[in-house]
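**Student:** Residue numbers (the working numbering), protein chains in the order written: chain V, 1 to 86; chain A, 1001 to 1422; chain R, 2001 to 2415.
What the hints contain is simulated information worked out from the structure, not anything from laboratory work.
Hints are all accurate, no fakes.
Derived, one-sided and incomplete: chain V residues facing chain R with beta-carbon distance under 10 Å:
hint : residue
1    : Ala19
2    : Gly20
3    : Thr22
4    : Val41
5    : Asp42
6    : Leu44
7    : Leu46
8    : Glu54
9    : Glu66
What you are looking at is a predicted structure, and each value in this text was computed from that prediction instead of being measured.
Even glycine gets a Cβ: it sits at the ideal position worked out from N, Cα and C.
Each chain, written out:
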Amino acid sequence: MSITELTFEELAALVKQSAGVTVAPEDLRNASDVPFSALGVDSLGLLGIVGELENRHGVALPPDAERSKTPADFLGLVNSTLTTGV
Amino acid sequence: MNRRVAVTGIGVVAPGGTGTAAFWNLLSEGRTATRGITLFDPAGLRSRIAAECDFDPLAHGLDPELSLHADRYIQFAAVAAGEAVRDSGLDTAAEDPWRVGVSLGSAVGGTTRLEHDYVLVSAGGQRWDVDHRAADPKLHLAFSPSTLASFVAERFGARGPVQTVSTGCTSGLDAVGYAFHTIQEGRADVCIAGASDSPISPITMACFDAIKATSPDNDDPEHASKPFDDRRNGFVMGEGAAVLVLEEYEHARARGAHVYCEIGGYATFGNAYHMTGLTGEGLEMSRAIDSTLDQARLDPTRIDYVNAHGSGTRQNDRHETAAVKRSLGAHAYDTPMSSIKSMVGHSLGAIGAIEVAACVLALQHQVVPPTANYEVPDPECDLDYVPRTARPRKLRNVLSVGSGFGGFQSAVLLTEPAGRTR
Amino acid sequence: MSTEQPKRAVVTGVGVIAPNGLSADTYWKSVQEGIGVLDRITREGCEHLPLKVAGEVRSFDASTLIEDRFLVQTDRFSHYAMAAASLALDDAGLGRDAPEDPFSVGVVTAAGSGGGEFGQRELQKLWGQGSKFVGPYQSIAWFYAASTGQISIRSGFKGPCGVVASDEAGGLDALAHAARAVRRGTGAVVVGAAEAPLAPYSMVCQLGYPELSTVEEPDRAYRPFTAGASGFVPAEGGAVLVVEDEDRARDRGTAVRAVVAGHGATFTGASRWAESREGLARAIRVALDEAGCAPEEIDVVFADALGVPEADRAEALALADALGAHAARVPVTAPKTGIGRAYCGAPVLDVAAAVLAMEHGLVPPTPNVFDVCHDIDLVVSRARPADLRTALVLSRGLMGSNAALVVRRGDETAR
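Given these sequences and hints, build the entire structure.
**Tutor:** Next comes the structure, spelled out in structure tokens:
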């Protein structure tokens, strides 16, 4: 099981892969409180990202991870799970 | 010139029992047919419950060849169509075959068979370059859902317009609607109309798992489908079929057929919003309802019952409540609205036809089927959902509404023959 | 409303994504010149299968026409449909933005097999790795309604949306469905079909069709109406049209390309091709009747041309039955022999070709066919100039549906 934190770089790549939305990692970092919906990432896209992370790291993310409103919320939730190894 | 369209026959294969009588018993008694999945081993899935049909094709008169080779959803449709045609008293051999059409819906068609053979040809999902030698030589019959309408047309000698309709979870409503137009506009005098799906398979369960659309209440399957209840957490997969015999009104009268009701109107619109999501406003479904009322020249206050889509997802039930309030206004609060998915689950493309059949039976028995499992009100769903117990009521005009992936919003209006105002 | 003249449904836009052209113009150029593009199938994982020849859409870059967020959630069959819809909307001058009244535009597609390639990928994840590896888009990419839903969402069209899956003839049924929606009051309908049946498992599924050609030489694999007829060759791609209320089209100053004048549909059973003679003849008569069209008015026939001897004979006889003596005189063509049969997309491509043929005054030829052994005037080798005012398009499905559509030239019918 990985204890590596999810970075903005990785999140940007996942957003591209799962939701088809191109966003630069630094833009994600600088605007981490901009809602996913404003970026064009919908609930299905987030479910895809959650599924990918769960499969990649072999851990279950919290039940409502896909309801995170912003990249900052999402990273907070994911990283607390990944690093505590729940 | 618009011709009147009558419903003269009903056939149902639904969870809880095959045949219209068993179906109506289940609904009027408010029993649920949801349970742990037995059709395959669901271990590892998030949602491991479904409303399954206990269905024995041989016992229902299908010959051994069909029992072995036809897809389950086609067997359902064949049995339901057989019951509907018998019920209508129509002598199909005596009809002009070119004036008999078929309009049947299915959301996922032969995917259960497709998945079964996929596993064989791919060595259990191990190879992209699949080995055709392991496939059933009749696999092509599962490739396109057109097999459904083709098969039923063949069985009942229909040679008029024959089509399979596949608009996701409104397929059943739309198939009835297309048949309505076909007769109304004079392209056929009789239409065998309905829908069938048998989606309880690993791939279909997994794909709804992936978007958390299905209920994870695996420990209490009987109470898992909870439309409009504040505790609702997704739909419960179902399977089955319903078929109606639709007939030009004078054609039905001329042969002395029993007319259950008329189709008063049908409409469908897209929400152009999201493939799976729904708005909170219900504008497009409301527009479909309004259109059916216009077609029948019926005031909204004349609606006596709304058969809801009521899938039991958070979004759907609010969307639909908003739509009905938008169309019926204050009368919405006086109109019972129930979801039979609480009892028979959500059989994707089939359910729209099963729900229309429920509406026809509600009109016949003058009883509103309940919403089973409804206990805890959701403040945003504040209509009369007919909790748990069927309710006798004078019914003349009944609406069935549905929403489907892809944004489809459809409505079918059923009217008592004498209830027509025109 | 009821005192007005009946509304007429006209074609104002044509979009094509076909093996022989990625726009209506390039498609027409290939069709008119009789260029055949049937070739060995090159898709990964298909090399070993006994079906060797098909019409592949090549050098199609979906990302130039469709946004990435739509691409990730859709199969190739929807890519083709969405791209063809964009081209048709551009052609009709409707643009890609939501219309002022979103309810005035609907979407109807026909679908034979859905998103098979996407589905195979997800099945592989499910059975090879486990259910948690199935992605969120399987629920919306594989099913038959995917293209209608995505076109509606992408452009904000809230009018009547529908999907027919009635086999190859479903392409014509969809056009009729759209025309009727227009006659009932919808302003315009984006309508058509595109298919993508050339993924490995989808191909396995087709191997059981008794009508499938397994001839391995591309220019000999699909030769209807000849003694060498050996079945049909599948294709991918399709066409999308904008079918619009004539008054609405004229009000906004758009050229009326053609009129969808009449449609007939019948059923005579899967693979009982001799019986399709009667079914097809009946469908033609119903379509002519709806169009108010005499048999002699038909200037060109776009044949179904299945390539099965019994079916070809039935089609030739159906024409004679329905058109009488005129059947021996009317030019017949089957441009699909150059590209294969794209299932529901095939007859929509033929309607696109019919519209273009009427505009150009040319009956396109039937590629790879020279030695016709039926009593019809099949146009071969090169296009034949002719004044074409009315076209008849025929289609039959492998599961037994027959359909006929009468299309009239736009400028012939101004009122």
